[in-house]
Amino acid sequence: MRYSSETVERAVHELSKLPGIGRKSAQRLVFFLLKRPAEDVKILAQALLDLHEKVKYCSICYNITEQDPCHICSDVHRDQSLICVVEEANDVVALEKTGEFKGLYHVLGGAMSPLDGIGPDNLKMRELLTRLTGQVHEIILATNPNTEGEATALYLVKLLRPLELKLTRIARGIPIGADIEYADEITLSRAIEGRVTL
Amino acid sequence: MALSKTEAIVLRTRRQGETSKILSLYTQHYGRISVMAKGARSIKSRYGGVLEPQTHIGLVFYRYETRELQYLSQAEIISPFAKLHEQLGRMAMAAIPCEMVERNEANGHVNPALFHLLLSTLTVIDGAEKGYRNAVRAFMVRYMEHSGFKPEFAHCRGCGQKQRSDGAFFDFSKGGFVCDACSGTLGEGQKLSAAVLERLHYFLQAPLEKSVQVSVDAAQGREMDRFLLSYMQYHIETLHHLNSIIYLDKIQSTLRIVKPDEQRKQYGDSE
Ligand SMILES: [Zn+2]
Ligand SMILES: [Zn+2]
Numbered sequence: 001m002r003y004s005s006e007t008v009e010r011a012v013h014e015l016s017k018l019p020g021i022g023r024k025s026a027q028r029l030v031f032f033l034l035k036r037p038a039e040d041v042k043i044l045a046q047a048l049l050d051l052h053e054k055v056k057y058c059s060i061c062y063n064i065t066e067q068d069p070c071h072i073c074s075d076v077h078r079d080q081s082l083i084c085v086v087e088e089a090n091d092v093v094a095l096e097k098t099g100e101f102k103g104l105y106h107v108l109g110g111a112m113s114p115l116d117g118i119g120p121d122n123l124k125m126r127e128l129l130t131r132l133t134g135q136v137h138e139i140i141l142a143t144n145p146n147t148e149g150e151a152t153a154l155y156l157v158k159l160l161r162p163l164e165l166k167l168t169r170i171a172r173g174i175p176i177g178a179d180i181e182y183a184d185e186i187t188l189s190r191a192i193e194g195r196v197t198l
Numbered sequence: 001m002a003l004s005k006t007e008a009i010v011l012r013t014r015r016q017g018e019t020s021k022i023l024s025l026y027t028q029h030y031g032r033i034s035v036m037a038k039g040a041r042s043i044k045s046r047y048g049g050v051l052e053p054q055t056h057i058g059l060v061f062y063r064y065e066t067r068e069l070q071y072l073s074q075a076e077i078i079s080p081f082a083k084l085h086e087q088l089g090r091m092a093m094a095a096i097p098c099e100m101v102e103r104n105e106a107n108g109h110v111n112p113a114l115f116h117l118l119l120s121t122l123t124v125i126d127g128a129e130k131g132y133r134n135a136v137r138a139f140m141v142r143y144m145e146h147s148g149f150k151p152e153f154a155h156c157r158g159c160g161q162k163q164r165s166d167g168a169f170f171d172f173s174k175g176g177f178v179c180d181a182c183s184g185t186l187g188e189g190q191k192l193s194a195a196v197l198e199r200l201h202y203f204l205q206a207p208l209e210k211s212v213q214v215s216v217d218a219a220q221g222r223e224m225d226r227f228l229l230s231y232m233q234y235h236i237e238t239l240h241h242l243n244s245i246i247y248l249d250k251i252q253s254t255l256r257i258v259k260p261d262e263q264r265k266q267y268g269d270s271e
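Heads up: the sequence lines are chains P and G, in that order. Every letter in the first sequence is one number past the one before it in the working numbering, and letter 115, counting from 1, is 115. Every letter in the second sequence is one number past the one before it in the working numbering, and letter 130, counting from 1, is 130.
One or more of the hints may lead you astray.
Unchecked claim - Below are the SDA-like pairs computed for lysine to any residue, each with C-alpha atoms no more than 25 Å apart in a straight line:
#1 Lys44/G <-> Gly110/P
#2 Lys17/P <-> Thr123/G
#3 Lys44/G <-> Gly99/P
#4 Lys44/G <-> Leu15/P
#5 Lys24/P <-> Thr66/G
#6 Lys38/G <-> Arg161/P
Keep in mind the hints are simulated off the structure, nothing from the lab. All of these numbers come straight from a predicted model, not from anything done at the bench.
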């Protein structure tokens, strides 16, 4: 034990399990929390406990939600014929921020990765198939533009192609604000492939 | 600490923090290393697609001999293996040799010949019109040679007699086939047909890119794949339950919409 208090040691240990937090940062957080009023810390603790008590997955789109179906799936003003497939709930948050997309989502819960042993049955693929009733006309594949996201998109194309739906993939290429001369070959060739007629 | 330059195959990547990646690489001059690429997942990263699994890159890194984790300074693509990344079957095949190397090669064990073997395997999977599944089979046979378990398919381990037309029993512990006269008490192993012995022998001897021209029918393919996995796992503990093999089976079995022949072609099996 490095601290004179076993409780402090335990808090540091638990916090350092969080992504991007090492022992040093965990220690800083613990000493910060010790100086805060007890009431503030209670609110934080309750917020963390509520995560598991109240938050669940939407039984339709597998986004995180407190009501089932989630507010997106139960919104009658959204375009029911359009489903955007993403890897994680974070991606829904990012896409919703744009305010551009008015359809529904489907959260796979990750991406296919052979070395990590993540195959199609570890993701919500079958659940996507069951959603594809007559009213869905287009599926937008918005998986990440990396090897795992590409593999997932390729798999979904094979799985969905026989269903004769419109299948689209979000454009990949040069990010806004970047310089073409510094882009790598893969990014550039994707950008040329995905060019649009003006 | 020294700035070191080498070529590498990206075997696997893991997310680190908000925007970084840890790369597992097999390098030409330093064997398997782990390298931290700061900011590599940021949308404005100067690395872009350079640091994706199953690419051939050139890199400069800060090398600390006593540490497990190295730090990336620069990287550029030598070959993106574009076709490999555009087809599910090729991608799944390429993951197998990458996982074998990632699992079994110890940090700091340098083997430039293995680097070249891995590089040519991925080059064939990327470039071959068909039959690239054989490149993975040839990789496995050669990998066993690199690991000190070179299999013998042409001559009896006991008396040196050439194999006959009716096949033979391959004894795992002896690392080769044994003829009936020499068999005595048989150890763990598998009966192999003459056609399979011949093909495996060819994979061991011929340049890797020639392997794609070898015809392997469905039954021979199954026999060969069962043998290769059992032989590797008999000698090398870390090659048990390869995730990439389970993955391949899963995508093949869930995409059964296509005809079996069509399916075989899609996964690079030769006719
Ligand atoms: Zn929902
Ligand atoms: Zn003999």
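Which earlier hints can't be squared with this structure? Numbers 2, 4 and 6, in rising order.
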